[in-house]
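Produce the entire structure from the sequences given, and follow the hints as far as they go.
There are 2 protein chains.
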Amino acid sequence: MPKLNIVKIGGAIIEEEAKLLPFLKDFAALKGPKILVHGGGKKATAWAEKLGIPVQIKDGRRITDAATLELITGLYAGQVNKNIVAQLQGMNCNALGLSGADANAIQAVKRPVKAIDYGFVGDVEKINNTWFQHLLEQNISPVCCAITHDKKGQLFNTNADTITAEIGKALAQEFEVKISYCFELPGVMKDLNDPNSLIENINRASYQELLLNNTIAAGMLPKLHNTFDALHAGVNEVAIGATNMINQNIPYTSITL
Amino acid sequence: MPKLNIVKIGGAIIEEEAKLLPFLKDFAALKGPKILVHGGGKKATAWAEKLGIPVQIKDGRRITDAATLELITGLYAGQVNKNIVAQLQGMNCNALGLSGADANAIQAVKRPVKAIDYGFVGDVEKINNTWFQHLLEQNISPVCCAITHDKKGQLFNTNADTITAEIGKALAQEFEVKISYCFELPGVMKDLNDPNSLIENINRASYQELLLNNTIAAGMLPKLHNTFDALHAGVNEVAIGATNMINQNIPYTSITL
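Going down the list, the sequences are from chains H and G. Letter 104 of the first sequence, counting from 1, is numbered 104 in my numbering, and no numbers are missing. Letter 15 of the second sequence, counting from 1, is numbered 15 in my numbering, and no numbers are missing.
Quick caveat, the hints were computed from the structure, so don't treat them as lab data. Incorrect hints may have been included.
Because identical chains share one entry, a pair is satisfied inside a single copy or across any pair of copies.
What the hints assert, rightly or not - Computed cross-link-like contacts, SDA-like style, restricted to lysine to any residue with a CA-CA straight-line distance of at most 25 Å:
| id | residue 1 | residue 2 |
| --- | --- | --- |
| 1 | Lys114 | Gly11 |
| 2 | Lys114 | Asn249 |
| 3 | Lys31 | Ala218 |
| 4 | Lys151 | Leu135 |
| 5 | Lys152 | Gly10 |
| 6 | Lys151 | Ile140 |
| 7 | Lys126 | Asn236 |
| 8 | Lys110 | Ile63 |
| 9 | Lys50 | Ala67 |
| 10 | Lys110 | Glu17 |
| 11 | Lys25 | Gly219 |
| 12 | Lys126 | Lys223 |
| 13 | Lys58 | Ala115 |
| 14 | Lys58 | Asp117 |
| 15 | Lys152 | Ala12 |
| 16 | Lys25 | Gly234 |
| 17 | Lys126 | Asn139 |
| 18 | Lys126 | Asn92 |
| 19 | Lys190 | Leu212 |
| 20 | Lys152 | Gly90 |
| 21 | Lys3 | Ser254 |
| 22 | Lys50 | Asp65 |
| 23 | Lys43 | Ala67 |
| 24 | Lys110 | Ala67 |
| 25 | Lys31 | Asn128 |
| 26 | Lys126 | Gln138 |
| 27 | Lys151 | Ala18 |
| 28 | Lys126 | Glu137 |
In structure tokens form, the structure reads like this:
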């Protein structure tokens, strides 16, 4: 099976050109089929304040009302996405920006209202495999933002980590998929205060051990949450590490079954 | 040659859902290959004010500084574009939103600084024919916003009417192209105050006559400016009329050679 790299970058890197440009150079230089998924960035909060859109957080999660959705659609699918695409094009990587609505790439359903109504938040329902495969065959690199739709005219805010995992799972039938989650740390750490505490390899057995012994820094647990789910669904490897880990020979956390 | 409809809508219709949805229904129902090009809308001015970005107009033209470019990239390529794409997907039209940077669809060069520096304004240099043709063959309808790029990492603000004409000219080799410019009037009027003064047909000869006799309302002249240029370059017909003229049997101005 051909290899496919799916790389996710978060908000912090997007707003620092000094970090973003070297990362994009590494991504552009990656050989073979590849997909980039990006989050939003802190500008959403700054713009919301200036535009007089109140930021509502419940249980640590942003509530996406109509005005917030409009704003982040502009920021994520427009400003951030097109800047990344233009930079990659300048590096001779044939990038194509996508929201979930474009060519019906990622269909979602509104998160059901239980204790909390998260507003226009979508849970991924269906990845358009055929479309992604078709683009990759044309040597085009999709650049996906965290906006999805319901195929009935409604856009949604969706978690970028989840989108990454769902694309990986959907394409695992046709590709040997490696997902790389890039963030501000060298990988999964035993102790967030000790830069030398990187765990370089995790598998099903050692993960249980790490959990039992409480050896993983608490902030790392959400990052690991869906990883094994993705691996069980056919993803080959999940890498968690710094933004400069792709295409460079530096240590990161490699997770396999 | 297969027929291709290229339809352009302006800012006024985009912000009125009561007008936009029926228009999109008509567009979705158009048979055969089709492309939609959209302008921005008045929200750019309102958001710029709130975000504290000064609007600079020189000789009736907006100066696009870095902050303005960031804002309109978000609005045009993000908020407006993805809303249109999501609505069309809900109407079973397989729409794909594009800025000029996406798959290098529309390459431009920064407008040379002469008396006025317009800032990040791009003049269209090259349309990626192959890409547009490829999408149309897959039964995908491109939805283009008025943002282009220079293939070196820089995005630009570009006039949407010009983008429409340039796409039409570029694809005239492979298609019988009809361009429809939709706006708030029934078409080219002899007298803007007389709704019965629509000119239904214009060709090269009658255009000269209308100009000589000063029979065209002054506000109409810019709309006609590039029309004959496009027709000479191979476009088959240019229609100028109301937003409900496409796919409905109502009068408009048809311009041919």
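**Study point:** Intra/inter-copy verdict for Lys25 and Gly234 if alpha-carbon distance must be at most 25 Å
**Key:** neither (29 Å within a copy, 41 Å between copies)
Review point. Are the CA atoms of Lys110 and Ala67 at most 25 Å apart within a copy, between copies, both, or neither?
Key: within (16 Å within a copy, 33 Å between copies)
Check your understanding: Checking Lys50 and Asp65: alpha-carbon separation at most 25 Å within a copy, between copies, both or neither?
Key -> Result: close both inside a copy and across copies, 16 Å intra and 19 Å inter.
**Study point:** Intra/inter-copy verdict for Lys152 and Ala12 if alpha-carbon distance must be at most 25 Å
**Key:** between (33 Å within a copy, 24 Å between copies)
Point to revise | Status of Asn128 relative to Lys31 across identical chains (alpha carbons, at most 25 Å) | key: both (23 Å within a copy, 24 Å between copies)
Point to revise | Homo-oligomer pair classification [Asn92, Lys126; C-alpha up to 25 Å] | key: between (30 Å within a copy, 16 Å between copies)
Exercise for review: Have a look at Lys190 and Leu212 and pick one of within, between, both or neither, based on CA distance no larger than 25 Å.
Suggested key: within (13 Å within a copy, 82 Å between copies)
Exercise for review: Pop the pair Lys58 and Ala115 into one bin, within, between, both or neither, using alpha-carbon distances up to 25 Å.
Suggested key: within (11 Å within a copy, 53 Å between copies)
Exercise for review: Classify it for me, Lys126 with Lys223: is the Cα-Cα distance of at most 25 Å met within a copy, between copies, both or neither?
Suggested key: Cα proximity of Lys126 and Lys223: one copy only (22 Å, versus 43 Å across).
Review point. 25 Å Cα cut-off: does Lys126 pair with Asn236 within a copy, between copies, both or neither?
Key: Close inside one copy (20 Å), not across copies (41 Å); limit 25 Å.
Exercise for review: Please work out whether the CA atoms of Lys3 and Ser254 approach to 25 Å or closer within one copy, between two copies, in both situations, or in neither?
Suggested key: Within one copy only: 16 Å inside a chain, 53 Å across chains, cut-off 25 Å.
Practice item. Please work out whether the CA atoms of Lys114 and Gly11 approach to 25 Å or closer within one copy, between two copies, in both situations, or in neither? Key: neither (28 Å within a copy, 39 Å between copies)
When each numbered hint is compared with the structure, violations occur for hints 1, 2, 3, 11 and 16.
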